[in-house]
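Numbers given in this note's numbering equal positions in the sequence shown, counted from 1, plus 2.
Where hints are given, some of them may not hold.
Derived pair list, reagent style DSSO-like, types lysine-lysine, alpha-carbon separation capped at 30 Å [unchecked claim]:
hint: 1; residue 1: K116; residue 2: K17
hint: 2; residue 1: K38; residue 2: K116
hint: 3; residue 1: K38; residue 2: K17
hint: 4; residue 1: K91; residue 2: K22
hint: 5; residue 1: K10; residue 2: K38
hint: 6; residue 1: K10; residue 2: K21
hint: 7; residue 1: K91; residue 2: K116
hint: 8; residue 1: K21; residue 2: K38
To be clear, the hints were calculated from the coordinates, so they are not data collected in a lab.
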Amino acid sequence: MADFMQIKGLTGELKVSHKKGPFGLTLSTRELVVQKPHMNYYILFENMISVVPCESVKSGRPAAGGSRGGEWSFGSIATGSSYYAIYAKEVVVHHRGGVHRTGPMEFRIPIHRKLIEELARYGGMTAF
3 MADFMQIKGL
13 TGELKVSHKK
23 GPFGLTLSTR
33 ELVVQKPHMN
43 YYILFENMIS
53 VVPCESVKSG
63 RPAAGGSRGG
73 EWSFGSIATG
83 SSYYAIYAKE
93 VVVHHRGGVH
103 RTGPMEFRIP
113 IHRKLIEELA
123 RYGGMTAF
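Make the full structure from the sequences, and use the hints.
As structure tokens, then:
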């Protein structure tokens, strides 16, 4: 796990942090941080457009990890988890070379049911 960067400047109060395999998720009362080795993606709740269930990748096959035009997918799904697509209009990216803001991004990641419940609770989201 030494390849994961330390989270700096978390907005809000830390609620849940979970790392397993090639990625991690950290949830505060104001944002979600998606962690990959050498990179952290900070998504403020106010910048989240939606969080919806999805297949692991567009073809429905298990994700291998990688990016396609602003979209991230991760493999290695944990028991009790389902894949979700998180759409955000702006993301702050921290990597070893610095910090920058991006435009719209989509993340397709497995999220454990309990973490999704906490995300909905703190993010003020409702299920349709």
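Right, here's what the structure says about each hint:
Restraint check for K116 and K17: satisfied, since their Cα atoms lie roughly 12 Å apart, inside the 30 Å limit. The hinted pair formed by K38 and K116 meets the criterion: a straight-line CA distance of about 21 Å does not exceed 30 Å. Restraint check for K38 and K17: the C-alpha separation of about 19 Å stays at or below 30 Å, so the hint holds. Restraint check: the Cα-Cα separation between K91 and K22 comes to about 26 Å, which is no more than 30 Å; the hinted pair holds.
Restraint check for K10 and K38: the C-alpha separation of about 15 Å stays at or below 30 Å, so the hint holds. Distance check on the hinted pair: K10 and K21 sit about 16 Å apart at the alpha-carbon level, within 30 Å; holds. Among the hinted pairs, K91 with K116 is consistent with the structure: their alpha-carbon atoms are about 25 Å apart, no more than 30 Å. For the hint pairing K21 with K38, the CA-to-CA distance comes to about 9 Å; that is within 30 Å, so the pair holds.
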